[in-house]
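Peer 1: So the chains spell out like this:
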Amino acid sequence: MTKPLNTFNSLLQIQKLDKFFGGLHAVNSVSFDVKPGIIKAVIGPNGAGKTTLFNMIAGYYTPGGGQVFFKDILLTGMQPFQVAGKGVFRTFQNLKLSHRLSVMNNILLGRHTRGQAGFLAGMLALKKSRREEKEAEEAVLPILEWLNLLELKDTEVGNLSFGNQRAVELARALAADPAMLLLDEPAAGLNMHETEELAQRIQEIRDQGRTILLVEHDMSLVMEISDEIVVLNFGQKIAEGKPKEIQDNEEVIRIYLGGDDA
Amino acid sequence: MSGEQTLQYIFAGITVGSIYAFVAIGYNIIYNATGIINFAQGEFVMLGGMIAYTFSGFMPLLPAVVLAVLITSAVGSVIESVFIRRMRKTSVLGMIVVTIGISILLREAALYIWDEQIRALRFFTGSEISSVSILGARISPQVLWILGITTIIVAGLFLFFKFTLTGQAMRACSENLRAAKLCGIRTDSMVNLSFMLSAGIGALGGCVVSPLTQTHYAMGTDLAIKGFIVAILGGLGNAIAAVAAGLLLGLIESFSISILPMAYKDVISIIILLIILVVKPSGIFGSRQASSMKDY
Amino acid sequence: MKRYYSVLLLAAVIVIIQVLTLITGKAYLLTQLTMSAYYIVVAVGLCMVMGYAGQISLGQAGFFAIGGYTTAFLTTIDFSGKAETGLYRMLDTPGLLITKETLYGDTIIHLTPWISLLAAVLIAAVTAYALGIPILKLKGHYLAMATMGFGIIIYRIVLGSRIFGEADGISNVPSFPVFPGISVSGDFTSRISNYYIAWLLVILGMLLLINLINSRVGRALRSLHGSEEASDAMGVDTSRYKVIVFVIGAVFAAVAGFFMTHYNGGIGPSEAGVAKSVRYVAIVAVGGMANLWGSLIMGLVLNFLSLRGVFGHFDDAVFGIILVFMMMFIPDGFIHTDVIHDIKEMLRPLSMRKKKLKKKQEVSND
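Chains as they are written, first to last, in this note's numbering: chain A, 1 to 262; chain B, 1 to 296; chain C, 1 to 366.
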């Protein structure tokens, strides 16, 4: 097992991750670091392996090889819930919400790792359990307010507009008070106005001292907000750097303009 | 155990194994077309036996069996068009609940139309006491009928899915319902056909085993779970695997009786089911592809 | 506190019904009401498993039978004439044996049902736990078949075993002295106290489950139903939670089976049958799946009518029709949201209701 390289400079370290699907080498020995307090984006054409990479970090896929470290902790081999327990939380590209539950209840789920009350405490409504519930509700109120969901907090999520559902998905992850936030295509399906609002919000989240890794298709959004960018193509990392550097990278341009003739 | 006795057990195992295979083939056909496990599958077998018994009272055996198969197919078709078709958007949980409800209704209808008496169709050739000698074991000629008809069904299904346009259309539905629809296949009628087909095959199975295993209005539940065990063993895929799995389970049950009390034979096969579900849900004879089905 | 209003209302209704049966001289109805209460305990437990956590179980009757048969078996062992054995002394010294005289003047010494209650709960919990760990990894049809398979195993075992009385079941199960002077038994004279014991058990079960639903764990369970992946992502150990809620459902069923067996003075294999398991599923479905009060109310209505023989020959058919038509036409159940809220809404002046409706529409237009 490789030891983390530079404990002090990076929060998340991805070391030589590999994933095969049958004969397809979906992720091919990808390594990069994420420094604390920045927004890092993973971009690349469809099928480049972005979401697969994400799922390996979050524990949904077992890598074929390589490791992921968060702080000094080896995340590889953990179940998704254990990854969350370490402070790494994710959102989903195609929203995973409980449609029959209220906005409030969906978001409160994000507080799960912050509580301790188990089945027995819950069934007996012990003081500990009730106090935790109250604290959780108080903790999420500012998030609801910030995302303009306060008015809707008792509405069933299934009745919300798509934009608001996206906001609930983000709020739920934020409610966990994450050290690291993994955003899987957070702008997918949003209109221009909503996307702009999202850009603003993601930057504000970073300014609160959280670290963000995002996978995104919307290039202008990525260029606008990211501090660093990793480019994947056919499972391989082909470039990494600041947005300006990526914009000038010839290989990236070639991929994105899609020309054999370029 | 003497050699002859062993052979007797084997033939007994083949008999019950075949009926399980009939149920499992029914599961497969509907599952392939719709992704539904039809909990009422065992009731089709019961209906086939019951209807044929009634008709055989005043007509020769052959037309009685044919009528039983046709009527049960019609019942399958009605079930699909009245209930299943309206439920397309329901959750898996909802689908399970509905097919269980249908199985109860069929059973209760049978109780009302006939009664709780155990019935047996008459033997296709000969009678209870006639027997043929195979390798020294004396078996009922009905066992040969069962084997023959099972073979014909498996071969028929193979030819149907391979060489007829309708069969190929049904297979297309099972692979990708939406794509099939876009290609102009009338998916609704394909699903309906799958219910008719599996009801008809169940009914035919019910007729051919009735002389040996008898027919009872409440026999469906046990058959449903046994058939499911066989379908899972066979990997919920093709008819040949289902037959192989059916015979295997039949033999296991048949031999378990020789060491354990009769009442526990179901316990053994269900424990096999639980173990397979947990260890290898794609089944012993199944492809890996079928295991993606775990979601259902 | 607000969440307990409906429970208080339930308590009031229970008393009112008892008084009404007394006034109208129909106290005999209490028998069916008592039995319905025990079946309700199974239903609300299943409601938690199936409605809230989204895990279908077609094996609840198996757990009911585990509870019933455990106590029936343990409390019908006669220790009289075995006073010299070590086991006897071990049980007698801490006062775990009860001495009784039969109608014919014979003396029977049997184990106190408190011990068999403990045993019933433990066996059910351990079984559910051991079974749940592997099978709750399955979903949908697979889980349904696996739980049904479990139910059939229990049914076959009790039907095929001499010690469980085969087709006859076990009878002559002694009464269960819950409080001094008050026993769970089918004794004609203690009909009223038995009615209250049964419904007290329902209230206790409801309180526990209402609390659970409104807790951190309850929310995690409900989210698990909505999206297992999302619950995982938020740090919920989904496989553990599913197993524990399955164990809770099993314990509810076993406790109900225990009480029912002492109330009836025996238990037979039909209580373990698949048909019974299907009934419990039907009750939860018709009650609106994720709705404890729905399960309670429909459990009362359907079981009471069924036990009174109202459905006659069509007893099972009624449950079949319910399953099919509920799922087809009213998949959310008859009884929506909580009762108190509905009643309040009904009592609210019309003008206010309109206002609220308008606001609601604005929200959904947003």
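Quick caveat, the hints were computed from the structure, so don't treat them as lab data.
In this text, a Cβ means the ideal position worked out from N, Cα and C, and glycines have one as well.
One or more hints might be untrue.
Unchecked claim - Keeping only pairs whose Cα atoms sit at most 20 angstroms apart, straight-line, the calculated DMTMM-like set for lysine to aspartate or glutamate is:
1) A:Lys96 x A:Asp177
2) A:Lys86 x C:Asp237
3) C:Lys2 x A:Asp154
4) A:Lys96 x C:Glu229
5) A:Lys96 x C:Asp237
6) A:Lys86 x A:Asp33
7) C:Lys2 x A:Glu133
8) A:Lys40 x A:Glu197
9) B:Lys265 x C:Glu166
10) A:Lys86 x C:Glu229
11) C:Lys276 x B:Asp222
12) C:Lys137 x C:Asp78
13) A:Lys244 x A:Glu228
14) A:Lys244 x A:Asp218
15) A:Lys96 x C:Asp168
16) A:Lys134 x A:Glu145
17) C:Lys276 x B:Glu116
18) A:Lys153 x A:Glu185
19) C:Lys276 x C:Asp168
20) C:Lys2 x A:Glu137
21) A:Lys40 x A:Asp218
22) C:Lys2 x A:Glu135
23) C:Lys2 x A:Asp218
24) C:Lys2 x A:Glu138
Stated by the list, open to error - Partial pick of chain B residues on the chain C-facing surface, computed with a CB cut under 7 angstroms:
25) Val92
26) Ile104
27) Arg122
What the hints assert, rightly or not - Every beta carbon over 12 angstroms from chain A, so not counted as near; a handful from chain C, in silico:
28) Leu10
29) Tyr241
30) Ile322
Peer 1: Evaluate each hint against the coordinates.
Peer 2: Hint check:
no.: 1; hint: A:Lys96 x A:Asp177; verdict: holds (19 angstroms)
no.: 2; hint: A:Lys86 x C:Asp237; verdict: holds (13 angstroms)
no.: 3; hint: C:Lys2 x A:Asp154; verdict: holds (17 angstroms)
no.: 4; hint: A:Lys96 x C:Glu229; verdict: holds (7 angstroms)
no.: 5; hint: A:Lys96 x C:Asp237; verdict: holds (17 angstroms)
no.: 6; hint: A:Lys86 x A:Asp33; verdict: holds (18 angstroms)
no.: 7; hint: C:Lys2 x A:Glu133; verdict: holds (15 angstroms)
no.: 8; hint: A:Lys40 x A:Glu197; verdict: holds (18 angstroms)
no.: 9; hint: B:Lys265 x C:Glu166; verdict: holds (15 angstroms)
no.: 10; hint: A:Lys86 x C:Glu229; verdict: holds (17 angstroms)
no.: 11; hint: C:Lys276 x B:Asp222; verdict: holds (15 angstroms)
no.: 12; hint: C:Lys137 x C:Asp78; verdict: violated (43 angstroms)
no.: 13; hint: A:Lys244 x A:Glu228; verdict: holds (9 angstroms)
no.: 14; hint: A:Lys244 x A:Asp218; verdict: holds (16 angstroms)
no.: 15; hint: A:Lys96 x C:Asp168; verdict: violated (51 angstroms)
no.: 16; hint: A:Lys134 x A:Glu145; verdict: holds (17 angstroms)
no.: 17; hint: C:Lys276 x B:Glu116; verdict: holds (19 angstroms)
no.: 18; hint: A:Lys153 x A:Glu185; verdict: violated (24 angstroms)
no.: 19; hint: C:Lys276 x C:Asp168; verdict: holds (17 angstroms)
no.: 20; hint: C:Lys2 x A:Glu137; verdict: holds (17 angstroms)
no.: 21; hint: A:Lys40 x A:Asp218; verdict: holds (14 angstroms)
no.: 22; hint: C:Lys2 x A:Glu135; verdict: holds (18 angstroms)
no.: 23; hint: C:Lys2 x A:Asp218; verdict: violated (47 angstroms)
no.: 24; hint: C:Lys2 x A:Glu138; verdict: holds (19 angstroms)
no.: 25; hint: Val92; verdict: holds (4 angstroms)
no.: 26; hint: Ile104; verdict: holds (3 angstroms)
no.: 27; hint: Arg122; verdict: violated (30 angstroms)
no.: 28; hint: Leu10; verdict: holds (17 angstroms)
no.: 29; hint: Tyr241; verdict: violated (8 angstroms)
no.: 30; hint: Ile322; verdict: holds (22 angstroms)
In the structure shown, a violation is registered for the earlier hints numbered 12, 15, 18, 23, 27, 29, in ascending order.
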